[in-house]
Structures are given as structure tokens and as C-alpha cells.
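Build out the structure end to end from the sequences listed, making use of the hints.
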Amino acid sequence: MKLKVTLAATPFFFLLAFLPIYSPGSNGLVDSFANNTALSEGVKLSKKKKFDPARKKFEESSRFWQAHHTSSLYLTILNDVTNNRLKKKNAANIFKAVHEELNAKSKKALKQINKVVKKNEGYFPAHIIHADILVSRENYEKAEKAFTQAINLAPDIALPYIFRAKFYAKLSRSEEAIADMTRAITLDPAYGFGYFERGFTYCLQREYDKAIEDFEIAIRHHPDWEHSTVVIEAYHNRGVERIQKKSYRKAIADFDRAIEIDPEYLNSYLSRARAYKKLKSYTKALKDFKHCIKSNPDFKEAYYQRALLHSARRHYTKATTDFRAALKLSPEDTKLSFKIAESYYKADKYKKAIIEFNRVIELDQRYFWAYYWKGYAHKSLRQPKQAVRAFQNFLNNAPTQYYKQILHAELEIKKLQR
0 MKLKVTLAAT PFFFLLAFLP IYSPGSNGLV DSFANNTALS EGVKLSKKKK FDPARKKFEE
60 SSRFWQAHHT SSLYLTILND VTNNRLKKKN AANIFKAVHE ELNAKSKKAL KQINKVVKKN
120 EGYFPAHIIH ADILVSRENY EKAEKAFTQA INLAPDIALP YIFRAKFYAK LSRSEEAIAD
180 MTRAITLDPA YGFGYFERGF TYCLQREYDK AIEDFEIAIR HHPDWEHSTV VIEAYHNRGV
240 ERIQKKSYRK AIADFDRAIE IDPEYLNSYL SRARAYKKLK SYTKALKDFK HCIKSNPDFK
300 EAYYQRALLH SARRHYTKAT TDFRAALKLS PEDTKLSFKI AESYYKADKY KKAIIEFNRV
360 IELDQRYFWA YYWKGYAHKS LRQPKQAVRA FQNFLNNAPT QYYKQILHAE LEIKKLQR
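Numbering-wise, numbering that gives the first Met the number 0 puts 47 at position 48 of the sequence shown, and it's gapless, one number per residue.
One or more hints might be untrue.
[What the hints assert, rightly or not] Simulated DEER-style distance windows between Cβ atoms:
#	residue 1	residue 2	range
1	Lys286	Gln204	28 to 36 Å
2	Glu215	Lys403	45 to 53 Å
3	Thr320	Arg388	29 to 37 Å
4	Lys118	Gln204	52 to 60 Å
5	Arg172	Arg388	18 to 26 Å
[Said to hold, decoys possible] DSBU-like mimics (lysine-lysine), calculated; alpha carbons at most 30 Å apart, straight line:
#	residue 1	residue 2
6	Lys117	Lys169
7	Lys43	Lys107
8	Lys245	Lys169
9	Lys403	Lys348
10	Lys334	Lys350
11	Lys104	Lys144
12	Lys317	Lys245
13	Lys95	Lys107
14	Lys88	Lys141
15	Lys47	Lys110
16	Lys48	Lys95
17	Lys117	Lys47
18	Lys55	Lys114
19	Lys141	Lys55
20	Lys95	Lys141
21	Lys345	Lys327
22	Lys299	Lys249
23	Lys413	Lys351
24	Lys299	Lys348
25	Lys117	Lys87
26	Lys384	Lys413
Simulated from the structure, these hints should not be mistaken for lab results.
By construction, the Cβ of each residue, glycine as well, lies at the ideal position given by its N, Cα and C atoms.
Shown next as C-alpha cells:
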């Protein structure tokens, strides 16, 4: 059975329940749909005033970070019914509005929630639902006012700030989003979701140090969230940045942590291998590349990166084998074809190199480096006419920024024509 979702009308904070979340021995996508299903079922039960079974559904969905804030809001409404702060009829009407919205009937949803807000002007959860429906209708100005009204009604409660923060994040107003999340954390330091959401926003800004610091605090409150993809990728991406900054050992520490969280996240092994390569720890690098390829024989980048390592060590036969394996997975990749030709050239196998350079040119007649090195291959084989022709083709296609190589080619032509 296929699950049909109308994205344009679905509440934006409800949509987050579709983001994958991973835990050991589980299927991330199945889990993410499971928490969304629990929310949907809870809404259906609540609109029928079946609040006790609905509570169980919302508690179930609250285990997942993507649905935690929405579940918390719905549980707040049910608690208010239990404590006689909200009439059952009004609670059911709130959930009827949510249900209409989930079924792409935003006009009916807006009409329904407007009635509830009119009768319960001082009830902040109703204003949050109202704001969310306005967001789905892309009425952002009124939505912001509704979120702010919810905060004004409950300035000492963290939840309204979280919802407005997510609204700001949706509009790429990151500074305002972080300010609201920080306020939520200040109000309720034990509310782990505030840290997690702020960490997620820091990730979007590529501020991985801050993101990881927040994630680690959130995980103390919600240990299951450690296995979320966003946490794994925060460590991985910070590791990649550390490679770029030549902090290779710190990068490896990040990849180790990402692998500890999820041993099946192959990008961490691939990136760790690259860091080991930079440290010339070739045995460890090869072990990680081997793991990637064994786990996924179609992992093109693993073949490519291992080939680069072999080439750096002048093991050109092994490099060629890996470049060919990568090319098999992407036959139209001109760069890979060039790398094969280059490997033959470096191994002094000039005839084979020329054959491969010609294949590169067949794929892209303007691939100027193929002409350049083909020229030197012909020169090494003492084929001056072919070498001159190749160098001339290089000059016809090379951008002026490669002036050094252009000068070399011009000098080679003069020498060859003497």
C-alpha cells in the first residue's frame, strides 16, 4: 500500500516526521513512517474524543526527534483536557482542524481552527495550530503573528518558542531561529529537544562544533536520538572539514565517532581512509577502502579513491584496475577514462596510454589534458608528427589560465619541428 502525501498542504512541522531516523537493527525509513503513522492515528482518535488511546499514540511518536515537538504539543492538549483546563469538545475541534489540514483541506482547517481560537483566545496550543495552518497556506506574515501570540500567552513555556524557531528555520531566518531555541533551552534546560533542534539548525549553517555540542546534551536526555542521521552526518561533515584544514588526526576521531554510532554508514569509512592516506597510513586506508567495496560493490567513489592511493604509491597496475572498476559503474565519466590513460602514461606504457587518451577525446573532443599528455606519449614513442598534432589540439582547446602548459606545448612543437 502506497502512502500518499500532499506536501503543499501538510503542516510543515508534521512533515518532519518523514525524515529518516536510524537505530541499530532497524530500517530508518520504516521507523520514520512509523512515527508519522502514530501521529496520524492519534489525531484521528483525538477528533473522536478517544483521548486515552490517542495519548499512547502520541507518546509512541514522541520517541522520534522529528515528531517530538508535535507530539509534545498534542500531549499538552490532552493533559489540559484531563486537568479540566480545556473542554473535550474544544480539544476535539482542534484535532478536527489538524485532520482537515492533513487531508489537504486547509480552507476547512482554517475555518475550524478560527472557531476554536475565537472561543479560546487565551489558549496557546490553539494559536500554534492556527499558525501552522497559515504556514501551509503560505500566509507567513499572519503565521508569525500567531506564533508570537502563542509565546505572549505562555512566555515561560519552552514549546511555543520551539515552534516559532522551526518556522524561522523554514524561512532561512537562522539567527532568529537559534535565538528562539536558545530561549526555549533557558526556560527548560532539561528539554533535550531544544538542544537537538538548535544543533540541527547549526548543522544547516555548517557550524558543526556547536551542533555536536548541542546533540551530545540532547542525547543525554534522549539516548535513542544518538542514532539519528543528522548526528552521524554532523560528525562526518566536521571530519571532512578537518581534512580540508589538514587536521587529519582530529578528522579521524570524528569519523571514528560516526562509525561508533552507525557502523553501516560507509561514507565515514571512505572519508577516514582519505585522512589515513594524508597521514601516509596506507595499510589502514586500504583496510577502510576494502570495507567500503566489500559492503557495497557498486561504491564508485571507493574504487576511485583507492585508485588514487595506488597511483600515489606508483602502483599503477592496481590503480588502473580500480579506475576501470569505477568506470564500469559510470561509463560516460570522462575523468575516469583520463585517469586510466594517465596511469598507463605514468607506467611508461605509452601505446596503451594513447589508446586511452583517444577514448577520452571520443567522449569529449575539448578535453585538452588528453591532447597534452597524448603529445608527450607520442614524443616518447618518437612519433613527432603525431606529437605536434596533439600539442596543437591542446593549444586550440586549453584555457589561457594554463599558460605554463601552453608555453611548454609551444616549446615542444618548436623542438619537434626542427
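Against the structure, the hints come out as follows:
The hint said 28 to 36 Å for the Cβ distance between Lys286 and Gln204, and at roughly 34 Å that hint holds. Evaluation of the 45 to 53 Å hint for Glu215 and Lys403 yields a pass: the beta carbon distance comes to about 49 Å. Range check, Thr320 to Arg388: about 31 Å between beta-carbon atoms, so the 29 to 37 Å window is met. The supplied range of 52 to 60 Å is broken by Lys118 and Gln204, whose beta-carbon atoms lie about 41 Å from each other.
Roughly 59 Å separates the CB atoms of Arg172 and Arg388, a value that falls outside the hinted 18 to 26 Å. For a cut-off of 30 Å, the pair hint linking Lys117 to Lys169 stands: about 27 Å separates their Cα positions. For the hint pairing Lys43 with Lys107, the CA-to-CA distance comes to about 16 Å; that is within 30 Å, so the pair holds. Between Lys245 and Lys169 the CA atoms are separated by roughly 34 Å; this puts the pair beyond 30 Å, and the hint is violated.
A threshold of 30 Å between alpha carbons decides the hint, and for Lys403 with Lys348 the separation of about 25 Å falls inside it, so the pair holds. About 19 Å separates the Cα atoms of Lys334 and Lys350, which keeps this hinted pair within 30 Å; it holds. Proximity of Lys104 to Lys144 is assessed by CA-CA distance (about 22 Å); at most 30 Å being required, the pair is judged to hold. Using a Cα cut-off of 30 Å, the hinted pair Lys317 and Lys245 holds, with the two alpha carbons roughly 27 Å apart.
With a C-alpha separation of about 10 Å, the suggested pairing of Lys95 with Lys107 holds against the 30 Å cut-off. Taking the CA atoms of Lys88 and Lys141, the gap is about 26 Å. The hint holds against a cut of 30 Å. The suggested pairing of Lys47 with Lys110 holds, with an alpha-carbon distance near 19 Å, which does not exceed 30 Å. Using a Cα cut-off of 30 Å, the hinted pair Lys48 and Lys95 holds, with the two alpha carbons roughly 10 Å apart.
For the given pair, Lys117 sits about 21 Å from Lys47 by alpha-carbon distance, which is consistent with the 30 Å threshold. Proposed proximity of Lys55 and Lys114 is supported: the alpha carbons are some 28 Å apart, at most 30 Å. Simply put, Lys141 and Lys55 have alpha-carbon atoms about 33 Å apart, too far for the 30 Å limit, and the pair is violated. Simply put, Lys95 and Lys141 have alpha-carbon atoms about 21 Å apart, close enough for the 30 Å limit, and the pair holds.
This hinted pair checks out: Lys345 and Lys327 have alpha carbons roughly 22 Å apart, not beyond 30 Å. Pair hint Lys299 plus Lys249 holds up; C-alpha atoms about 26 Å apart against a cutoff of 30 Å. Taken as a hint, the Lys413 and Lys351 pair is honoured in the structure, with Cα atoms around 26 Å apart against an allowance of 30 Å. Under the criterion of a C-alpha separation no larger than 30 Å, the hint pairing Lys299 with Lys348 is consistent with the structure, at around 25 Å.
Restraint check for Lys117 and Lys87: the C-alpha separation of about 16 Å stays at or below 30 Å, so the hint holds. Taking the CA atoms of Lys384 and Lys413, the gap is about 12 Å. The hint holds against a cut of 30 Å.
The structure is inconsistent with the numbered hints 4, 5, 8, 19, although it conforms to all the rest.
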